[in-house]
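With chain V's structure known, arrange chain Y with the ligand on it following the hints.
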Amino acid sequence: MTTRIDTRFAELKKAGRSAFVTYVMAGDPDLATSLDIVKALPKAGADVIELGIPFTDPMADGPSIQAAGLRALKNGMTLKKTLGLVRDFRKDDNVTPLVLMGYYNPIYIYGVDKFLADAKTAGVDGLIIVDLPPEEDDELCIPALKAGLNFIRLATPTTDDKRLPAVLANTSGFVYYVSIAGITGAAAADANAVGEAVARIKRHTKLPICVGFGIRTPEAARGIAEKADGSVVGTALVDALKNSLDAEGRATAKTVNAVAELTAALAQGVKGAKVAAE
Amino acid sequence: MNVAKPNSYRSGPDDRGHFGIFGGRFVAETLMPLILDLEKAYTAAKADPTFQTEMNGYLTHYVGRPSPLYFAERLTEHLGGAKIYLKREELNHTGSHKVNNVLGQIMLARRMGKKRIIAETGAGQHGVATATLCARFGLECVVYMGAVDVERQQPNVIRMEMLGATVVPVQSGTRTLKDAMNEALRDWVTNVHNTFYCIGTVAGPHPYPTLVRDFQSIIGNETRTQMQEVEGRLPDSLVACIGGGSNAMGLFHPFLDDPSVEIFGVEAAGHGLTQLHAASIAGGRPGVLHGNRTYLLMDADGQIQDAHSISAGLDYPGIGPEHSWLHEIGRVNYLSATDDEALAAFQLLSRLEGIIPALEPAHAIAKVMELAPKRPRDHLMVVNLSGRGDKDVPQVGDILRGKSK
Ligand SMILES: Cc1ncc(COP(=O)(O)O)c(C=O)c1O
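Protein chains in written order, with this note's numbering: chain V, 4 to 281; chain Y, 625 to 1029.
Chain V extracted, bound-state conformation (with noise of 0.2 Å):
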């Protein structure tokens, strides 16, 4: 099975360039505001897109993707209706991978089939949930990867050499490796250690390595780009995205600009990275 995120990284591998990720919380702030950001991605240059699913009790982001999520709940958003976020999406984009990235609880509730049904034919390709590790493969990851989906783990300055197989076992897609021990919105992990933690990484899977948690800037992402196979951006878009709302916390004009603006600024900065040589 290959997903459009393995075509994507397949293609950008042919062309020497790390991958852009970008990361927002569906619904942020309302569905159709949400739904223009998510169409203005691509073209501002996000390679893969991360599209955050709402829930009340985020216990590994931080202030920022927690507001953001609240943000969306408080406007009705719901796992159902992100699903049809996904769905308008793909009327105009069959290529960019998408990715859910959330905790398992709506999922659960929603019940697994049911979702991994709805989110194939809605046009996800991956999942990254963040309270499921391998212990728990048999909730989601295994159904996960039956149903076509890629199934994207998170690996952390905590995963050691000898967890890591444990971890990569039934991951696929790409590995997410969390910069730092912490949250969402932290301080931001130096590059030198990434790159030491990539390569130790890729001692153990060809899977492509994307870093993320910490970056905000350009010059960050591409200090990250030199070392990784890409690099993720979510708190400091979400943060652009609030700043540009009105007093009420409602979309303004500006909004999809805010969002699409930082975009395009960070993929230059990824753009501009040395790849290293394989």
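Hint data in this document are derived by calculation from the structure and do not stem from the laboratory. Bear in mind that the values here come from a model prediction, so they are computed numbers and not experimental data. Beta carbons: idealized from backbone N, C-alpha and C, even for Gly. Take these hints with a grain of salt, some might be off.
Unchecked claim - Sample of chain Y residues facing chain V (criterion: CB under 7 Å; computed from the structure):
(1) Ile645
(2) Phe650
(3) Thr654
(4) Pro657
(5) Asp661
(6) Val774
(7) Met786
(8) Val912
(9) Gln927
Just chain Y with the ligand now, kept in the frame of chain V:
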């Protein structure tokens, strides 16, 4: 529900931390290695006689155990039925059962070489117990507490600060216990290298529900012995309040395989089960939060709902996974008491027995007021008096004065 009855109700969890479908290890990868380490350290400690000996020393001389099993004569007369015994956990050092578990976890943290302790707290009793043992063993202590709870449980905030702990008011979400737990988990993910997370109830990822249960089981084990001494037999029923369920599990677990013992857990029904409440078994369904699968209050989309209880210690939209299993398998009956019922019980126990209970066990007393009159005079009923009411005196005083006006 048709669930096969096990040979023993006391053999769980399995090696992956499951009680039936409940429990498990639903945590971020960053925490997984720590949880596996904790499990290893706990297994080693259990097998090490010096660990138990050292703990017993502190339980006797520092905590003040065993706690009395007290015959509540006037409450019994007033209710006119079952003979009511109070398990006096409120007499422990720091004023609640929470210290039993904290002592065990702090000793584990010391074995693991961790120097920084974090905890979540609702009523502040777990926070006070943690701050106390951190003071005793010279460890750094950070306690996360919802901003709403910081307001309503001021006496405990002051106590924690006097003991040298840092209390962090949590402003996210509903600003109560659930959010304090989210924030503690965020701290833990960030400070994995030196930090031990001391969870205050039988919830969270495996092995927490098990190790907290084991440390609290001293309540039930003592009750068995004490009841044998005074009445020469087992009790007929047990009653305890449930936030996450640690005081209840501590009392219940040693009796689960005694079929003659009826067991009642009491959740917080807040304003009533059709309105805002905190009764996850009565009003929730299985979901995944804070590292385990268990009964949770949530909406149709799987978003966690706000709980409400007058008692900060019960104001949580979930319950420990082993309770969810005991409910589904039918071994324990889960009831609920409203804010008003708890307030009435709070006053009744104060006036009849000269014991001001915490608002949490006042929920258990409230159900005793219903259950005891329907039982015969020779029925032996044990209530876990999990904490004393000092922390609630300002809050209840305000409510009662406001009401009497
Ligand atoms: C006195 C007392 N009882 C009960 C509880 C509820 O916790 P659990 O259900 O874990 O015993 C608390 C929690 O703060 C408490 O302080």
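- Hint status (Cβ of Thr654(Y) to nearest Cβ of chain V, threshold 7 Å): Hint on Thr654(Y): holds, closest Cβ of chain V at ~4 Å, below 7 Å.
- Message: Just to be careful: measuring from the Cβ of Val912(Y) to every Cβ in chain V, is the smallest value less than 7 Å?
- Response: Constraint on Val912(Y) satisfied, holds at 5 Å.
- Given hint Pro657(Y) near chain V, where the shortest CB pair must fall under 7 Å: 5 Å, holds
- Message: Given Gln927(Y) as an interface hint, is its Cβ closer than 7 Å to any Cβ of chain V?
- Response: 5 Å, holds
- Query: Does Phe650(Y) meet its interface restraint, that is, does its C-beta lie within less than 7 Å of any C-beta in chain V?
  - Reply: Hint holds; Phe650(Y) Cβ to chain V Cβ min 4 Å, cut 7 Å.
- Query: Taking 7 Å as the limit, does the beta-carbon of Val774(Y) come near enough to a beta-carbon in chain V?
  - Reply: Nearest chain V Cβ about 18 Å off; hint violated.
- Does the CB of Ile645(Y) sit less than 7 Å away from some CB of chain V? Since chain V brings no Cβ nearer than about 11 Å to Ile645(Y), farther than 7 Å, the hint is violated.
- Message: Hint validation: Met786(Y) versus chain V, beta carbon distance must be below 7 Å. Holds or violated?
- Response: Nearest chain V Cβ about 30 Å off; hint violated.
- Message: Please check whether Asp661(Y) passes as an interface residue: C-beta within 7 Å of a C-beta belonging to chain V.
- Response: 10 Å, violated
Going down the numbered hints, you'll see the structure goes against 1, 5, 6, 7, while the others check out.
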